[in-house]
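Assemble chain B onto chain A, guided by the hints.
Listed in order, the protein sequences are those of chains A and B. Residue numbers for the first sequence follow our numbering, beginning at 1 and rising by one. Residue numbers for the second sequence follow our numbering, beginning at 1 and rising by one.
Be a bit skeptical, because a hint or two may be false.
Simulated restraints, written as ranges between beta carbons of each label pair [to be verified]:
1) B/F149 with A/P46: 49 to 59 Å
2) B/W169 with A/Q3: 39 to 49 Å
3) A/L11 with B/F15: 30 to 40 Å
4) B/E115 with A/P250: 38 to 48 Å
5) A/L14 with B/K10: 32 to 42 Å
6) B/I150 with A/L407: 33 to 43 Å
7) B/D18 with A/V18: 21 to 31 Å
8) B/D18 with A/L480: 53 to 63 Å
Read the hints as simulated data drawn from the structure, not as lab findings. Think of the CB as a built atom: it goes at the ideal place given N, C-alpha and C, for glycine as much as any other residue.
Single-letter residue listing:
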Amino acid sequence: MLQFTRTKVFLILLTCLVGILVAMPNLFSKETVASWPWYLPHKQMPLGLDLQGGAHLLLEMDQNEIKKDWLNNLRDESRKVLRDARIGFTGIGAQGSQLVVKLAKPDERDKAIKELYKVRQTIGSAVLGTGGYDVDVSEGSDPGTIIIKPTEAGMRARLSNAAAASIETINRRVNNLGTSESTIVRQGTDRILIQFPGLKDTKELKALIGETAKLTFHEVNPSMTAEEAQQTSIPAGYKIYPADKDDGGPRAYLLRETPVVQGEDLADAQPGFDSRTGEPVINFRFNQVGARKFANFTKDNVGRPFAIVLDDKVLSAPVIREPILGGSGQISGNFSVESSNRLAVQLRSGSLPTKLTIVEERTVGPSLGADSIADGKLAGTIGGIAVVILTILAYGTFGIFACVGLLVHLIMTVALMTLIGSTLTLPGIAGLVLGVAMAVDANVLIYERIREELRTGKTPVAGIDAGFQRAFVTIADSQLTTLACAIIMFWLGSGPIRGFAVTLTIGILTSIFASVTVVRMLIWFWLRAQPKGRIQTVPV
Amino acid sequence: MLMKLIPVFKGVDFFPHDLRLPFMKFKGPALAASIIAMLISLTLCMTLGLNYGVDFKGGSLVELKTKSGKADISALREKLNGLGLGNVQIQEFGTPDDVLVRLEEQPGGEAAQQEALKKVTAATDADYVQRRVEVVGPAVSSELRMTGFIAVAAGILAIVAYVWFRFEWQFALGAVVALTHDVLVTAGIFSLFRFEFDLSTVAALLTILGYSVNDTVVVSDRIRENLRKYKKMELNELLNLSINETLSRTILTGATAVAVLLSLYIFGGEVIRSFNLAMLLGVVIGTYSSIFIAAPLLGYLGVKRDWSDAAAKAMATTKSKAKA
Numbered sequence: 001m002l003q004f005t006r007t008k009v010f011l012i013l014l015t016c017l018v019g020i021l022v023a024m025p026n027l028f029s030k031e032t033v034a035s036w037p038w039y040l041p042h043k044q045m046p047l048g049l050d051l052q053g054g055a056h057l058l059l060e061m062d063q064n065e066i067k068k069d070w071l072n073n074l075r076d077e078s079r080k081v082l083r084d085a086r087i088g089f090t091g092i093g094a095q096g097s098q099l100v101v102k103l104a105k106p107d108e109r110d111k112a113i114k115e116l117y118k119v120r121q122t123i124g125s126a127v128l129g130t131g132g133y134d135v136d137v138s139e140g141s142d143p144g145t146i147i148i149k150p151t152e153a154g155m156r157a158r159l160s161n162a163a164a165a166s167i168e169t170i171n172r173r174v175n176n177l178g179t180s181e182s183t184i185v186r187q188g189t190d191r192i193l194i195q196f197p198g199l200k201d202t203k204e205l206k207a208l209i210g211e212t213a214k215l216t217f218h219e220v221n222p223s224m225t226a227e228e229a230q231q232t233s234i235p236a237g238y239k240i241y242p243a244d245k246d247d248g249g250p251r252a253y254l255l256r257e258t259p260v261v262q263g264e265d266l267a268d269a270q271p272g273f274d275s276r277t278g279e280p281v282i283n284f285r286f287n288q289v290g291a292r293k294f295a296n297f298t299k300d301n302v303g304r305p306f307a308i309v310l311d312d313k314v315l316s317a318p319v320i321r322e323p324i325l326g327g328s329g330q331i332s333g334n335f336s337v338e339s340s341n342r343l344a345v346q347l348r349s350g351s352l353p354t355k356l357t358i359v360e361e362r363t364v365g366p367s368l369g370a371d372s373i374a375d376g377k378l379a380g381t382i383g384g385i386a387v388v389i390l391t392i393l394a395y396g397t398f399g400i401f402a403c404v405g406l407l408v409h410l411i412m413t414v415a416l417m418t419l420i421g422s423t424l425t426l427p428g429i430a431g432l433v434l435g436v437a438m439a440v441d442a443n444v445l446i447y448e449r450i451r452e453e454l455r456t457g458k459t460p461v462a463g464i465d466a467g468f469q470r471a472f473v474t475i476a477d478s479q480l481t482t483l484a485c486a487i488i489m490f491w492l493g494s495g496p497i498r499g500f501a502v503t504l505t506i507g508i509l510t511s512i513f514a515s516v517t518v519v520r521m522l523i524w525f526w527l528r529a530q531p532k533g534r535i536q537t538v539p540v
Numbered sequence: 001m002l003m004k005l006i007p008v009f010k011g012v013d014f015f016p017h018d019l020r021l022p023f024m025k026f027k028g029p030a031l032a033a034s035i036i037a038m039l040i041s042l043t044l045c046m047t048l049g050l051n052y053g054v055d056f057k058g059g060s061l062v063e064l065k066t067k068s069g070k071a072d073i074s075a076l077r078e079k080l081n082g083l084g085l086g087n088v089q090i091q092e093f094g095t096p097d098d099v100l101v102r103l104e105e106q107p108g109g110e111a112a113q114q115e116a117l118k119k120v121t122a123a124t125d126a127d128y129v130q131r132r133v134e135v136v137g138p139a140v141s142s143e144l145r146m147t148g149f150i151a152v153a154a155g156i157l158a159i160v161a162y163v164w165f166r167f168e169w170q171f172a173l174g175a176v177v178a179l180t181h182d183v184l185v186t187a188g189i190f191s192l193f194r195f196e197f198d199l200s201t202v203a204a205l206l207t208i209l210g211y212s213v214n215d216t217v218v219v220s221d222r223i224r225e226n227l228r229k230y231k232k233m234e235l236n237e238l239l240n241l242s243i244n245e246t247l248s249r250t251i252l253t254g255a256t257a258v259a260v261l262l263s264l265y266i267f268g269g270e271v272i273r274s275f276n277l278a279m280l281l282g283v284v285i286g287t288y289s290s291i292f293i294a295a296p297l298l299g300y301l302g303v304k305r306d307w308s309d310a311a312a313k314a315m316a317t318t319k320s321k322a323k324a
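Chain A on its own, in the form it takes in the complex:
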């Protein structure tokens, strides 16, 4: 039936009013909205990076590096475990993605395996209890060999931990930049997505995440230089590290691979200036563990050099003049004021567990975003006017009602998007405008149907009523198929496609209310306003 009860009219008008109130803040600037009284809604649609400008970086962790580091750790631990248990072994070596332990006495294998169980860690799972171990320890094929192999689940857990640690570290570094509003989330198994609205220059950001900032202190081989080692052979346990800068000193150093102290033991790092030369330096302080290790090392090695290594490059190799017992020191190394600042930030925030590679970057400058908004507004207005003219031309007075319905549709769509906090993107604007064109379709279907029904000789009221009812089946069918498309777009799509899908979906949902219910109510109002029994023609 065409009729509307008072309650229904009231509810529809209330819905429209709420929609207008919720959508309203989007028309004004942030400052204006902030000055509004408390009872008005203040929430605005956040603008996407393509509209307000900003950076989008997709980073990938180095899985191989994570695995290699893990195997190295496992080897050190296994060595310690076997030594503590006084089980002799001839070697522990990495073979592909596993470790092979060769025992001195093959008959000690069972005992050794039992001992090596100590290097395993259970993978905790809150729901399922323990999810097994992160490594398998098993007998090798040759007698007297044991294989230590990371499990799938163990690797997954490692990746999760590495991602969480990376996100935390990036967050700290980025916060040190003094900017907010960035979002950093994990994506897939080995990726991290950084979204940074309003960022004008990505150089600084990239520099901050591009370096792992692994700071280590190493013992320098006292009897051999890197060049000599290259010509002859590198002693066991040592490795050649290149120098960071070519400043006339040695190009490379021969250092013990296992560091004396690692970045984890660093308690603080601050940029500063050398009191004598005035050049930028970094003042650092170890925590208790680090301070003790460093004190012991420097006590034993007075008069010998040690190396300060950042990201596997030797920053400097000063000679220890006296034991450093207090646990603090100074690093100098041709820094500029900016680079010493940045390095201090990186050191303070801890090292990244692995190198991060940028696999996708999308940056939009703020001026382009503003242009896009302006273009979108202009195109939307002109498109809207075209729709209004076409509709009124085709359907007369009822066309006017349809246009009111379209306006309601637009307002409700914006209101819903504001409520759920969906981001407005450039494709989103296109979706909004397209949604209007699709909403018109509902009215076209209804009005064409009304015309048909009237042609069969029905009275105006009966014709209008039948038109709405018959057309509704078709409208529902066509909207549902479009909805299916939109949902798939959202499900599979990334970035721009998603923004578009969200707008399209909301547009479909609101079009039923706006183009069917609201327009029907307007027509009912119009019918009621006509003098009784005088409706000869329906203006459609």
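Positioned in the frame of chain A, the structure of chain B alone reads:
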């Protein structure tokens, strides 16, 4: 009351309601033409290939704006070609002071793309401001290509499942052929004219699917209704009647969509131009396909004629008997 202030006037009937264009007469040639168009498009996509944008091909795209005056494209080209970054495409973008620079994917993995970008930045920093940067590495571009393809395929499947559920399998088959036609021919046109094919084009293709099936469903709905109404009418005649009856709606909705898209295409800015172009093409092709492919196919496939409730009940009982 307010309602009395609204002028009362009738709209213009663009199409006479008793218009009976003989669409079904052309169903043979139309289907043949559509199949040929599909085959040509497929061949184009296979041989010439699609002009993939950065999203799908990998590489970098940098939009530059001069700090003052017009862009000197030839000078810029000379400078950037000297960087050893392979084929560098440079074109004016919208206005004379905007330039779009495209770098192909650099050999050497993900990090190499960033190195190339650094070189371009260093070479252009003095005269230009970067308005937009897009860098897509090899891993991501192949993933995006894959998900884009899956999205379109899944879109078609979901629609077909829905049409099958709501109508009969013949309607679903008609819809899937029509939708495949729309996607293929749009892709073919993109390939032929070397329009850039990127993520937003895929979004456009998905929307076209939605729009085209919208059209097909409206016609199908009318066919089903007429099947109930005219039990004895010859099928081809009935299909023709259904197309004609919904024609004014088809054209009017199409016209509003085209009006809006044209406005978006002309005034909506360079960034989403390829999206709007694909949409424009798709609306036209989608309208064509529901009239000339989906409905005529039903003429060949035939449909269930008795849609009355009694027939439905009879069907249900035979089905349950068969199960028992």
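Which of the numbered hints are not met once you compare them with the structure shown? Failing hints, ascending: 1, 4, 7, 8.
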